[in-house]
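J.: Here is how the chains run, residue by residue.
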Amino acid sequence: MRGYGDVHPTVAELRVGYLPVMLPHPITGELTEAGEVLMTECEVVATYQGDDNKAAPTFTLGYGACFGHNEVKAISMAILDRALQKGMKDGPENPSEDPEFVLLHVDGIDSMGFASHYKMPHYVTFQSDMDRLRTTQQKQEANHE
Amino acid sequence: MSNGINFAFLDEYAKREIRRSVLKAICIPGYQVPYSSREMPMGRGFGTGGLQLTLALIGANDTLKVIDQGSDDSVNAVNLRKFIEMTCPGIDTTTRLQEATLIQSRHRIPEQALRADQILVLQVPYPDALVIVEPSEDKRKVMHGEADYSRLLVKLYEDIVKFDEITISHRYPTRINGHYIIDPSPIPRYDVPKLHNSNALILFGAGREKKIYAVPPHCPAEPLAFDDVPFRIEDFTDNHGERRACKLCGSQESFLDEFIDEQGERVYQCSDSDYCEQQQELAHG
Numbered sequence: 001m002r003g004y005g006d007v008h009p010t011v012a013e014l015r016v017g018y019l020p021v022m023l024p025h026p027i028t029g030e031l032t033e034a035g036e037v038l039m040t041e042c043e044v045v046a047t048y049q050g051d052d053n054k055a056a057p058t059f060t061l062g063y064g065a066c067f068g069h070n071e072v073k074a075i076s077m078a079i080l081d082r083a084l085q086k087g088m089k090d091g092p093e094n095p096s097e098d099p100e101f102v103l104l105h106v107d108g109i110d111s112m113g114f115a116s117h118y119k120m121p122h123y124v125t126f127q128s129d130m131d132r133l134r135t136t137q138q139k140q141e142a143n144h145e
Numbered sequence: 001m002s003n004g005i006n007f008a009f010l011d012e013y014a015k016r017e018i019r020r021s022v023l024k025a026i027c028i029p030g031y032q033v034p035y036s037s038r039e040m041p042m043g044r045g046f047g048t049g050g051l052q053l054t055l056a057l058i059g060a061n062d063t064l065k066v067i068d069q070g071s072d073d074s075v076n077a078v079n080l081r082k083f084i085e086m087t088c089p090g091i092d093t094t095t096r097l098q099e100a101t102l103i104q105s106r107h108r109i110p111e112q113a114l115r116a117d118q119i120l121v122l123q124v125p126y127p128d129a130l131v132i133v134e135p136s137e138d139k140r141k142v143m144h145g146e147a148d149y150s151r152l153l154v155k156l157y158e159d160i161v162k163f164d165e166i167t168i169s170h171r172y173p174t175r176i177n178g179h180y181i182i183d184p185s186p187i188p189r190y191d192v193p194k195l196h197n198s199n200a201l202i203l204f205g206a207g208r209e210k211k212i213y214a215v216p217p218h219c220p221a222e223p224l225a226f227d228d229v230p231f232r233i234e235d236f237t238d239n240h241g242e243r244r245a246c247k248l249c250g251s252q253e254s255f256l257d258e259f260i261d262e263q264g265e266r267v268y269q270c271s272d273s274d275y276c277e278q279q280q281e282l283a284h285g
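Chains as they are written, first to last, in my numbering: chain F, 1 to 145; chain X, 1 to 285.
None of these hints come from the bench; they were simulated from the model.
Where hints are given, some of them may not hold.
Partial selection, computed: residues in chain X whose CB lies under 7 Å from chain F [said to hold, decoys possible]:
(1) P41
(2) G43
(3) G45
(4) N76
(5) E134
(6) E137
(7) F163
(8) D164
(9) T167
(10) P186
(11) D257
(12) S271
Cross-link-like lysine-lysine pairs, in silico, PhoX-like; alpha carbons within 25 Å at most [to be verified]:
(13) F:K119 <-> X:K210
(14) X:K155 <-> F:K139
(15) F:K89 <-> X:K139
(16) X:K139 <-> F:K86
(17) F:K139 <-> X:K162
Ideal Cβ placement from N, Cα and C applies to all residues, glycine included.
Chain F with its partners taken away, still in its complex shape (with noise of 0.2 Å):
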């Protein structure tokens, strides 16, 4: 969108639903319904990929499935699938299709961190900054004269 990654994609599928959770019973390991949980998962359709090799242009898709009722976060997701999968194959040609980039950076906790790390003190750094800043001016100063 806006240049870095531009897609407009068609939703192919979006649903809001109840899936079963599966899990193995205790005893006999067969897989049994232990309850079910709210999900919302989007297909997402988008244009059409040509190649250096000459093989037919194809349609790219993209998936995304979420916790809940968040239709704007799977949709999201599936754009975000899409825009890897080219960066996979291609080589990313911008942040949304890096994914280093992007799975790093849109984690909660991994995003949240390093913000809340600035509130501790830093006096040493600073100190350390503030001799390289006066020898640098310093110098430009002895320069200039």
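With chain F's structure known, arrange chain X on it following the hints.
T.: Just chain X, lined up with the frame of chain F:
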């Protein structure tokens, strides 16, 4: 434990994995060993990497010292120490370097030399020195493997062209045992020479980035520099060319914190509070 929490909080499988990663890190000095950093009951970026190392290494006979910015009383140090005391019954804690067997620190290596029977654990925010020249971890891993640090050297060279000085203040790239270059955690340049041929094992833990690495005892550690532009530590000389002294203990050999006191005067004080107290005790007999 009666309250259902395992000794040192982590389960034994987690401790075992961390210890194996530590062994690998010692065998390949400076190599960043990936590990499955556990979620700790505190935010990532608050020393969770160092904490997991400490928890995996500590035993009931250990005496622990925890410091942040050189001080035992800094909020991060106090909180980590309380947590470790709470989850590790039987351990002792101390503020005196000489009494400690295990030292967890953020941003400083203690002023006084460490002993062979001590382990220093450093908390690491950014484990990879190459991150300033290459954002992709995939590519950085290859560069480390090939000891391809040309882009870091170019960064230093560009600094000299632009500023007539290398502008890296802390987290100074340091080559370990002639191969891997590490980010030695945000210690000042003043502390970097202490990594070289250290008596104690020095371990680095990055919880958020899920990496462990080590500078083993008696291992060469050279800060990156050029033949004609040597590595330099922070300069604490005043306008008259005298080395500034600590306001409290008078030491002219320690790393100093600079601040403005209540009278508006600029004053300097040891950043290592334990060292400063010991110097004062010596002076007063």
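J.: For each hint, tell me whether it holds in the structure or not.
T.: The hints, checked one at a time:
{"no.": "1", "hint": "P41", "result": "13 Å, violated"}
{"no.": "2", "hint": "G43", "result": "5 Å, holds"}
{"no.": "3", "hint": "G45", "result": "3 Å, holds"}
{"no.": "4", "hint": "N76", "result": "6 Å, holds"}
{"no.": "5", "hint": "E134", "result": "11 Å, violated"}
{"no.": "6", "hint": "E137", "result": "6 Å, holds"}
{"no.": "7", "hint": "F163", "result": "4 Å, holds"}
{"no.": "8", "hint": "D164", "result": "5 Å, holds"}
{"no.": "9", "hint": "T167", "result": "5 Å, holds"}
{"no.": "10", "hint": "P186", "result": "5 Å, holds"}
{"no.": "11", "hint": "D257", "result": "5 Å, holds"}
{"no.": "12", "hint": "S271", "result": "6 Å, holds"}
{"no.": "13", "hint": "F:K119 <-> X:K210", "result": "21 Å, holds"}
{"no.": "14", "hint": "X:K155 <-> F:K139", "result": "19 Å, holds"}
{"no.": "15", "hint": "F:K89 <-> X:K139", "result": "17 Å, holds"}
{"no.": "16", "hint": "X:K139 <-> F:K86", "result": "19 Å, holds"}
{"no.": "17", "hint": "F:K139 <-> X:K162", "result": "11 Å, holds"}
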